[in-house]
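Since the structure of chain A is provided, determine the placement of chains B and C on it from the hints.
In the order they appear, the protein sequences are chains A, B and C. Just so you know, the first sequence maps onto residues 1 to 282 in my numbering. Just so you know, the second sequence maps onto residues 283 to 717 in my numbering. Just so you know, the third sequence maps onto residues 718 to 1123 in my numbering.
What the hints contain is simulated information worked out from the structure, not anything from laboratory work. Remember, it's a predicted structure, so these values are computed and weren't measured experimentally. C-beta: ideal position from N, C-alpha, C; glycine also. Wrong hints could be hidden among the right ones.
[To be verified] No farther apart than 20 Å at their CA atoms in a straight line, the calculated lysine to aspartate or glutamate pairs in the EDC-like style are these: (1) Lys941/C / Glu466/B; (2) Lys1122/C / Glu351/B; (3) Lys1122/C / Asp808/C; (4) Lys887/C / Asp56/A.
[To be verified] Heads up, incomplete: computed chain C residues facing chain A, CB under 10 Å, no partners named: (5) Asp956; (6) Glu964; (7) Trp975; (8) Ala978; (9) Trp1028.
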Amino acid sequence: MTISHRARQRISLGISYLIIFIMILYVLFPVVWTFVSSLNQGDSLYSSDMSFIPKDPTWRHYRRLFTETNFGLWYKNTLKVAVATSVTTVILVTFTAYAFSRLQFYGRKTGLIAMLVLQMFPGIMNMVAMYVLLNLFGLLDTHLGLIIVYAGGAIPYNTWLMKGYMDGISRSLEEAAIIDGASKWTIMWRIIFPLILPMVSVIAIFSFVSPFGDFLFARLVLTTPTNWTLSVGLHDFVSARFGQRYTQFAAGSLLAALPITVLYLSLQGLLIGGLTRGSVKG
Amino acid sequence: MQRNLIENTGSNIGRYTSALLSTLYMGAGQIANGQWLKGIFLILFETFVLIPSVPLLLKNLKGLITLGETPMVDHSLFMMIYGILAAVAAIFLIVCYLVNIRDAYEHGLAIDKGGKRKGWKETLSDMIDAGFPYLILAPGILCIILFTFLPMAFNIMIAFTDYDLFHSPPRHILNWVGFRNFVEFLTTASWANTFKQVMLWTVVWAVLSTLTTYLLGMIIALILNNPRIKFRKVIRTILILPYAIPAFISILMWKGMLNTNFGIVNHLLTTTFNMQPIPWLENVFWTRFAVIMVNLWLGFPYSMMMITGILQGLPNDLYEAATVDGASGFQKFRYITFPLVMFSVAPLVIMSFAYNFNNFNVIFLLNDGLPAVFGLQGKAGGSDILISWVYKLTFQSLKFNYAAAMSLIIFLLIVGFSIYNYTRTRSFKEEEMLR
Amino acid sequence: MVKNRKVMLMALVLGLVALLAPTLCLGATKLVVWESSGPEEQWVRKMGELYYKETGIEIEVHPVDQLSQSDKLALDGPAGKGADIVVWPHDKLGQTIEQGLLWELPEDKLDLSNFTASAIDAMRYQGRLYGIPYALEALALVYNPDLLPEVPETFDELIAIAKKFNNPRKNQWGFMFDMLDFYFAYGFFGGYGAYVFKDTGSGLDPDDIGLANEGAIQAVKYLKNLRDTGLIPEGTTKDIINGLFIEGNLMAHINGPWAYAEFEEAGAKYAVAPLPKLNNGNYPQTFIGVKGYYVSAFSNQKEEALKFILWLTNKENSFKHYQDTTIIPSREDVINMPEFQKNKTIQAFAIQATRSIPMPNIPEMREVWDPMAHAITFVLRNNGIPEEILPLSVEQIKEGIMMMKR
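Chain A extracted, bound-state conformation (with noise of 0.2 Å):
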């Protein structure tokens, strides 16, 4: 080890802090704008003061909330969709993976330039489908039906994701479980899982995620407010032609990021880290 090897070392961590201290300020920079923008007195974001610190705050916006609108009860509607949906999405994908990358099946490298192309489908149309779809089967102003449409349209590119990650790992483990006597379900579940984890934290939290952003598909369906999900009912004060109420809507948006926050928190242990990197010793 030198001293220049040190040093070396020394001045790319320097780097690194330097390009994660601009990145932080990148980030945060519009998120604090948009906190202190949501504790202005009007309906409206401007403000003339333009300094992080404003001179005439209000919590007024996120009382209300509470207070005038169901934003509890939205909030719990979209945790329900959103844990539903992040289950269903882990389970399918898994499965659907694993044949993939494992098996060997007519039709299987068809099969994946399919779900390639599929989904780059530009969709215009595609909520008219799916609606009619639920109410064939009498989904419509349900959960449940959401939970469905979002899980079964994250498979394509999720399985394209989870394939990869799975490829990745040796076989030697599933080949010794193999002599030794196991079933495929076994083997699927005791060996192949705990390993692609990490993946799995990163398609859990995807899938997750994606029903606190859809407001078009889900306003579609549910028609009673207290099915509303959190975009549907917090578009609700913007989606007017005339008057929205954007302090509000900004309040109630910073309050939703916080599962999310919370949970890839919570789901960095998987992410990171995880069980034997692949590799079988021995």
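Showing chains B and C alone in chain A's frame:
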């Protein structure tokens, strides 16, 4: 003993007869082959599932062709969807039937060659083994058919009808009009020049938005992979915020921040650096720049997260061997990390490109495709991409058929490009190798 | 624009005729009404109870957002699950009628003399009546009485006062409005003699567009002058205008009745006046938005529904409606009531409404917004010549309409 019983009862009727029997009625051939359980199951299937569904399927398929007869009673769009479902179901049943015939034939073949008839336990375990992939794929495939394929087929069909405001169900019955929509739309106006400009920007946008988000995501993921950095958990969580906060409000805030005379960005630039205010949303170049910048802000956490996940799957031993060989950090990155990550990520990048080609969320919300550019026809704005322009032309006029037709064309473009590039990547060529 | 997304949403709906669902027998004594959740829904419910006591007919109110009702009706209507009475802003009228959602009202049997003429006009499509109006939304001059004690008679005077007050460096602004939004800018167009679609007396003629005539050219030139005064710099959006006004840094702007609730809550000083005269002696002819009750084409009790709507919008109930939800009623007799006239704010809007025309409710109107916004942009930002730009924009509009009708 059971086997002897089977061997001795009845003669072997030959594989062709079995196949023929199964063609006439599912399960018949299997019974002739001696597979009672399978045969009975198939017979029941045909009797209680297949045959009763035929009239329903035929009706819906017919509905698909005629799209209804009576306005206000028949609803064409619905008939389309039912027709698609019926077509899928019909194909499924036909496949079942064919598999049944082939199975009878194969089994007959095996027996002809002198093999033993399989007892039901063996058959069952054989079926589960062979069917395992299909079994675990079944829910996924069902979802893909219903939620990805069905809407796409629906979209494509609309491109061949006359569905627009003045021909909308339930008041009107739709009609199939062949390629008329494509011809009309493409020959309508002097849009050639506009099309070129918009197309060019669309490609640039797709490339830049994909590359910037992936690169930045990768850089951050790699930096944060270094155990020497402190507070990584907190840093990662902060950096996830653009993803966690609903995009709508973020884009709205950016729009306000980038306001030429009243936005904080220009305020800081003019007061701190004494610059002239930048016409962010009034000038074509700056709007495009802003759009990419905002998209980067929104998009990098996603790729950062994903690549972090991928990095976890990289095999440790390669790095250890490299350290033993005296490789520097940069060399490790260049020869191990980067290729391995690219390998996993290449198909995803292509998919992202295709996605961004049609991603007009940021463009729409930030400045609605504006600024207006003199000379651009058909309501196109300076930051409009192909899909947002088509949307303005067709959806705003409620010409759903045109919108669907153009989506189809855009789709074929993207697919052509993507498949071409994907098949050239190493990921594709070496995919079999890796398995 | 969010508006366009809404439209896309609206236009997406398809109805399924459920061959399964037998028509729910709605019995002759119940009417279903859809209204946006909130004060409006509560008001209809309250009135519904009164109506029930008077007539024995039950009124059931379901909360459905006005802008999503047409989608829902296209689906539920044919299946017999739709409402009898629906509500949405009048500019969707043409579109929804083309989709077959509404029942034509027997106008000759009705006495509509007490309704504001322009409001009734807004409820007509191709010369036929489809709804009864209940509220108006007009644009007026909203100003800070501390900064502008007295509103001048003419616009030119207003601009002069505004210029004196205007001082960007001290963050003082005299007069602003979103010039690039054709809805707001139209007041000048109308006032100078331009028109969107010619009113032939039996409906609007989409082939006769008056947005490139002398009046239009004058209007655009006036807007350019406004821009050149520096009162309204680039990037002046509604959000900024609202913010500045609440802070007390903006003397006057153009806004509608949706705004003052916010001003009240924030404790901002405000007063409303009709827009001052233009320099050709006319008042600016702004657009009004009209909200009306319609009868579903799928309803089994159209006559009963009509009766309820007429009761709901009679003089007494219109006044109650205003008291409960501060709408601007669309009845002349209510506007002229002394109790009503006490509210200066509403009075101002109501007066302005008499000088306004309803936004065209024909589907072709959708093709007008973007080309006109672009036209104004080119003149204000790129120094385009109005005489050249406007005809080109009208060409674009016509092209769009042609596409729409193919």
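Comparing the hints with the structure gives:
1. Restraint check for Lys941/C and Glu466/B: not satisfied, since their Cα atoms lie roughly 38 Å apart, outside the 20 Å limit.
2. Distance check on the hinted pair: Lys1122/C and Glu351/B sit about 23 Å apart at the alpha-carbon level, beyond 20 Å; violated.
3. Proximity of Lys1122/C to Asp808/C is assessed by CA-CA distance (about 18 Å); at most 20 Å being required, the pair is judged to hold.
4. Proximity of Lys887/C to Asp56/A is assessed by CA-CA distance (about 18 Å); at most 20 Å being required, the pair is judged to hold.
5. A distance limit of 10 Å between C-beta atoms decides the matter here; for Asp956/C the minimum to chain A is near 5 Å, and the interface restraint holds.
6. The beta carbon of Glu964/C is positioned within 10 Å of a beta carbon in chain A (closest approach about 6 Å), and the interface hint is therefore held.
7. Because the beta carbon of Trp975/C sits about 3 Å from the nearest beta carbon in chain A, less than 10 Å, this interface hint is met.
8. Contact between Ala978/C and chain A, as hinted, is supported at the beta carbon level, the nearest pair being about 7 Å apart and thus within 10 Å.
9. Annotation: Trp1028/C was flagged as interfacial toward chain A, and the flag is violated, the nearest CB pair being 27 Å apart, outside 10 Å.
In this structure, the hints that do not hold are numbers 1, 2, 9, in rising order.
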